[in-house]
Structures are given as structure tokens and as C-alpha cells.
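Student: The lines below spell out each chain.
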Amino acid sequence: MTTTASAPEATTAPAAPAPRSTKRRRSPLPYILAAPAVIALLVGLGYPLGWQVYNSFREYGLAQQFGQAPTWVGLDNYVTLLSGGDFWAILLRSVIFMAVTALATMGLGIALALLMKNIAAWARVTLQVAMLLAWAMPIVAQMTVWNWLIDDRNGVLNYLLSFIPGVDLVGHNWLVQPLSFFFVASVIITWASVPFVAMSVYAGLTQVSEEVVEAAQLDGAGGLQMLRRITLPIIRPILVILLLLQFIWDLRVYAQIELLQGFGAAGTQYDLLGTYIYGLGIGEGHFGVAAAAAMLVMLFTIALSWFYVRELLKEDNQ
Amino acid sequence: MTTKRSPLRHVGAGLAIILAIAWAFPVYWMVNSSFLSSTTIYSLTPTWVPFGGTWTNYKAVLHDSTFLSSLGMSLAITGITLVICLVFAFLGALAISRFKFRGRKALVLAIILVQMLPAEAMFIAQYKMISGLGLLNTIGGVTIIYLTGVIPFTMWMLRGFVAGVPADLEEAAMIDGCSRFQAFMRVTFPLLAPGLVASGVFAFLQVWNEFALASILLTSEQTQTLPLWLRNFAQPSSLGMIEWGQVMAGSTLLAIPVIIFFMFVQGRMAQGLVGGAVKG
Numbered sequence: 001m002t003t004t005a006s007a008p009e010a011t012t013a014p015a016a017p018a019p020r021s022t023k024r025r026r027s028p029l030p031y032i033l034a035a036p037a038v039i040a041l042l043v044g045l046g047y048p049l050g051w052q053v054y055n056s057f058r059e060y061g062l063a064q065q066f067g068q069a070p071t072w073v074g075l076d077n078y079v080t081l082l083s084g085g086d087f088w089a090i091l092l093r094s095v096i097f098m099a100v101t102a103l104a105t106m107g108l109g110i111a112l113a114l115l116m117k118n119i120a121a122w123a124r125v126t127l128q129v130a131m132l133l134a135w136a137m138p139i140v141a142q143m144t145v146w147n148w149l150i151d152d153r154n155g156v157l158n159y160l161l162s163f164i165p166g167v168d169l170v171g172h173n174w175l176v177q178p179l180s181f182f183f184v185a186s187v188i189i190t191w192a193s194v195p196f197v198a199m200s201v202y203a204g205l206t207q208v209s210e211e212v213v214e215a216a217q218l219d220g221a222g223g224l225q226m227l228r229r230i231t232l233p234i235i236r237p238i239l240v241i242l243l244l245l246q247f248i249w250d251l252r253v254y255a256q257i258e259l260l261q262g263f264g265a266a267g268t269q270y271d272l273l274g275t276y277i278y279g280l281g282i283g284e285g286h287f288g289v290a291a292a293a294a295m296l297v298m299l300f301t302i303a304l305s306w307f308y309v310r311e312l313l314k315e316d317n318q
Numbered sequence: 001m002t003t004k005r006s007p008l009r010h011v012g013a014g015l016a017i018i019l020a021i022a023w024a025f026p027v028y029w030m031v032n033s034s035f036l037s038s039t040t041i042y043s044l045t046p047t048w049v050p051f052g053g054t055w056t057n058y059k060a061v062l063h064d065s066t067f068l069s070s071l072g073m074s075l076a077i078t079g080i081t082l083v084i085c086l087v088f089a090f091l092g093a094l095a096i097s098r099f100k101f102r103g104r105k106a107l108v109l110a111i112i113l114v115q116m117l118p119a120e121a122m123f124i125a126q127y128k129m130i131s132g133l134g135l136l137n138t139i140g141g142v143t144i145i146y147l148t149g150v151i152p153f154t155m156w157m158l159r160g161f162v163a164g165v166p167a168d169l170e171e172a173a174m175i176d177g178c179s180r181f182q183a184f185m186r187v188t189f190p191l192l193a194p195g196l197v198a199s200g201v202f203a204f205l206q207v208w209n210e211f212a213l214a215s216i217l218l219t220s221e222q223t224q225t226l227p228l229w230l231r232n233f234a235q236p237s238s239l240g241m242i243e244w245g246q247v248m249a250g251s252t253l254l255a256i257p258v259i260i261f262f263m264f265v266q267g268r269m270a271q272g273l274v275g276g277a278v279k280g
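Residue numbers (the working numbering), protein chains in the order written: chain U, 1 to 318; chain V, 1 to 280.
Please keep in mind that the hints were generated in silico from the structure rather than gathered at the bench. Small disclaimer: the values here were computed from a predicted structure and weren't measured. It cannot be assumed that every hint is accurate.
[Stated by the list, open to error] Each pair of labels, with its calculated beta carbon distance range:
#	chain 1	residue 1	chain 2	residue 2	range
1	U	ALA89	V	PRO166	54 to 60 Å
2	U	GLN207	V	GLY240	51 to 57 Å
3	V	SER237	U	ALA89	33 to 39 Å
4	U	VAL100	V	LEU71	44 to 50 Å
5	V	ASN232	U	ILE302	46 to 52 Å
[As the list claims (entries may be wrong)] Selected chain V positions facing chain U (in silico; Cβ < 7 Å):
#	residue
6	ALA95
7	GLN126
8	ILE144
9	LEU254
[As the list claims (entries may be wrong)] Computed list of lysine-lysine pairs in DSSO-like fashion (alpha-carbon distance at most 30 Å, straight line):
#	chain 1	residue 1	chain 2	residue 2
10	U	LYS117	U	LYS314
11	U	LYS314	V	LYS128
12	V	LYS100	U	LYS314
Glycine included, each C-beta is placed from N, C-alpha and C at the ideal position.
Produce the complete structure using the sequences and hints provided.
Tutor: Shown next as C-alpha cells:
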């Protein structure tokens, strides 16, 4: 009904400054425009999500794969997960991995941004181009190249480290010890994510106005004081968002861990949440338990994301 | 911090160059190794610069039949996903940035939340759905899942671009006698072209590089995409040997188009993710 009213009005309003016909309420047009995207999301995400919620409360294992009807088991899958040691151990490992990697990335990124702010343009551009190269690398290419760098026999890393007096690492495999495995993963992910943080923080730093800086200098603020009292508080919103993004991204490192395992370190002691859920579900066929584990990871991620989402919503309201 | 004394700045510049070398080194090493013959690569001392390099690694990769079929698969999946994604996301972006309607807030919230979901939290269920539909190892199956991965981000990015074109411009054209559709096509759409290109490049990068979902939805060698091809190509042979020269040539071929496209859009990417955080 409102379509017929608003359409002609829009086309035949030659005189008066047109009323904001685009903002008219209860026209079906916005729904028609949004429908394809919404339907695509409902099919690809909504349905699987429903399946996952439903089956996290059902016994859905190997027997069901072969035709037996799944049975309703209430919270059993969650109880199995939460009362066993595996899930907690892997959750703890993932959280530690996330925190260490995210904080290392932030620390290095901020340091590099401050460095870029204080050097000649040619040096800054060189550093930026180098970081862009690393940032642009596809994940599979990143992991493959690093696997070559750390190769036990012909890798350049072991070759170089062996120049240090008393160190002979030729033939050393970095992926065998779980701790060393995660250290390597963390280094690669940090290398790949620092550029984004450094460039974003640098962009933030260039927005700190000269007047504020000069005023603080007149008042006798030294370098460190300036950083702590003026610069960091001004770019704090950017730092918060970046830290949240790093947390979220470093929790979801399935591809990197899976690839690194494929290079020669398979087994649950090398698992983080992603590879663990994959193993439970597609690997062993315990779809009910895997669905429950995925639900827990999802809730955890949403909780982590909440602050980030709030920041973005603020932007939408502007 | 803002000391302009030159000795300190020289130290800083030196440090920046060292860091630049450290960051670019893996990429350099990839390209360097791709030009080395296997005897050079297996010698115990590394070759730092590929003087007198060879193209044999590239030839070997291009003659690998699975490389070409994977390239075809990647192009098809990326192309189809990209076209559908841009159309759907663009229409959706118009809806959320040009209209106020009931459910808009919920839609915006959903668009943002969905971007935060890790693949790990959904891929078991998505795998079950696609296998239930009999679409494992098909372009259609992986496209359905990829669309949900790229539409939200693209829609969010385009929303910013659409909002940047004042509705008044369209209204002015309507006063001059255009229909609303004409006004949109003649005034707003051309202004949005750069935004569409940038968003398209992002969606391209995401789909082209995607590994996790491809690895569970495309399990046969005939339907693998390039990232899966590289993963398999980098596995040791039955003798435990890896042809590093060829593997690095493959990595380079995968990475070069990505690096080129990426250079064009990286500024906008940072903006899209942290946009307005300082100004606000």
C-alpha cells in the first residue's frame, strides 16, 4: 500500500525540496534489497547453526552415521566435554597461545609504529613496503615458506643459528617438541599480523594533532611522559579495537595449525581448539560432541567480540 | 619522542632497515629459492642470490596437470562467488544505509557478529549440510559456504561507501526529472564504482586464499583449489624429499597476484576494520 503512495511521489515531486522519500517507513523496498543477502546467510550459516545447536543435545556418533536414529541426550555432550580433561587442556592451551601471540603482536606493532613516526620518510617507506609483502602473503604460502626456512637439513634458519658459538642446530627439527611447535606457530602468526597493527597504529599516530604535542612540550613533557600521558591515551580506542581483533583472530588459527601439523607433527599434543574440533567431528565422527565443542568456542568468541561489536555499532549510529 | 636530533634519527633509520629486511626476508627467500636448481638448493650452504638462476622449477609447476586444474577450480569458485557476493552485498548495503526499516538494527548486528564467528565454530555443521546435500567436491557447495564468509564484510564495507554519497545528490537529479532508478544509476552508481572495486578485491583475496573450509569441502584431487594444491605439493615424496625449488615456485605463483592486488587496497582494509576509532 505504501509502495503505490511513495513511488509516484518520488518521481513526480518537481517543486518543493523532496521529502526524504528514501527514509520512508514501511516500504517493502529495503526488505527486497536485503533479501538476497539475508537468504544467502540463512542458508549457509543459519541452517548449519540450527543443526549445530540441535545436535549438540543429541547422541550423534558413528552409529548414527550408519543410519541409527540420533537420540536426545540433553546436556550429555557438554558434560562429557567439560568433565573430561582434553577439552580443558586444549582450551587452556588455545587461550595461552592467543594471549601470548596477540600481546607479542601488539607490543611489536606499537613499537614499530612509534619507530615509523620518528624516522626519515625513505626509511619509513622501506619498512612499510617490507611489511606489506609479509601481510599480503596467502596463509598457505606463508606456512610453506616458513617450513622451508626452518627445514632441519637445508633450512636457512638452522644454518644461520649455527654460526653462534656453541650452537649446532643443523638437523634440528623445530616441530617435534610441542612447545617448540607452538613457538614456531606463534612466531609465524606474529610476523604475519604485526604489519596490520603497525600500520593501523601509525595511521592513528599521524592523527595526533601537532598543537597538542607542542603544548605538552612547552609544559616540559619529556619523551616517555609524552608517550604515556598524551599519545597513548589519544590512540587508545584504536589500540583497544586492534587488541580485540588480535585476540579473536589468534583464537581462530585452524589453517596455520593444520598446515604446520601436516608438515610433520600430527597428534593431539599439537592441537588447538580448531584442529581439536575437526578431529572430534570429521576425524572421528563424534558429531554431537564436536557440535557441543563448537558451540562453546562460538559463545567464547562472541563474548570476546562483544566489545568490538559495540565499537562498530557506535560507528553505524553516527 | 619527537627529538629531531639527527644521530638518534640515524639509529632509528638503521633499525627500520634491519626490521624491513627481517620482515621481507621470508618473501625474498621464497622467490630466491624458486630460481635455484635442486642441486644448489640441497647444498649445505645457502645460495643468497639466484645468479644464473633457472626457470625449470616454474616449468615443472606449469606442467603439473593438477596445478592447471586447481588454477581453473580457483578461478571458477572465486569468479562465481565474487559476482554473487557483490550483487547481494551491494543491494543489502543500499538497504541498510539508505533506508530506515524495522529489523535494520538486527540486520546490522547480525552482519557484524557473523564476521566474528571463527570457521572452527561452524565448519562441522557446514560440512554436514554440504555433504547432506551431496555437494561435497562441487563448486556450488563451496560457493554457498564462501558467500556467507564474504557477504557480511563486503556489505559492511559497501555500507560505508554508499553512506558517503549524499542522498541529496540523488534527490537533486530527481528534481531535474529523473526517475529514482535513473537518478540512482546516473548519479550514485558511478560514485560508488571505486568502492565496488575495492570491496571486490577484498572478497577476491579472501576467497582466493581460503584454506580451512576448502580443505574440508573439497577433498578430491580433481576439485582442489590452489591453496590445497600447494599444501599437497609441499608434502615430502615417498623418499622423504621435498622439491623445495618447485614448491617455492608454486608458492610464488600463488602469492604474486595476491600481493599485487593487495597493494592497491590495503589502506582501505585498515580503515574498514578500525574505521572511525580515533575520530569518534
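Student: Does 54 to 60 Å hold as the CB distance between ALA89(U) and PRO166(V), or does it fail?
Tutor: For PRO166(V) against ALA89(U), whose Cβ atoms are near 56 Å apart, the range 54 to 60 Å holds.
Student: Verify the interface restraint on LEU254(V): the C-beta must sit less than 7 Å from at least one C-beta of chain U.
Tutor: Holds, about 5 Å.
Student: Hint check: is the beta carbon of ALA95(V) less than 7 Å from a beta carbon of chain U?
Tutor: The hint holds - ALA95(V) has a Cβ within 7 Å of chain U, the shortest such distance being about 4 Å.
Student: Go ahead and decide if the range 51 to 57 Å is satisfied by the Cβ distance of GLN207(U) to GLY240(V).
Tutor: With Cβ atoms ~54 Å apart, the hint holds.
Student: Against chain U, run the beta carbon of GLN126(V) and see if the smallest gap drops under 7 Å.
Tutor: 5 Å, holds
Student: That 46 to 52 Å hint for ASN232(V) and ILE302(U) (C-beta), does it hold up?
Tutor: 35 Å, violated
Student: Okay, SER237(V) versus ALA89(U) on CB: inside 33 to 39 Å?
Tutor: 35 Å, holds
Student: Does the Cβ distance between VAL100(U) and LEU71(V) fall inside 44 to 50 Å?
Tutor: About 37 Å separates the Cβ atoms of VAL100(U) and LEU71(V), which means 44 to 50 Å is violated.
Student: Are LYS314(U) and LYS128(V) close enough, with their CA atoms no more than 30 Å apart?
Tutor: 37 Å, violated
Student: Please check whether ILE144(V) passes as an interface residue: C-beta within 7 Å of a C-beta belonging to chain U.
Tutor: Holds, about 5 Å.
Student: Run the distance test for LYS117(U) versus LYS314(U): straight-line Cα separation, threshold 30 Å.
Tutor: 29 Å, holds
Student: LYS100(V) and LYS314(U): Cα distance at most 30 Å?
Tutor: Roughly 17 Å between the alpha carbons, so the hint for LYS100(V) and LYS314(U) holds.
The structure does not agree with the numbered hints 4, 5 and 11 stated previously, though it agrees with the rest.
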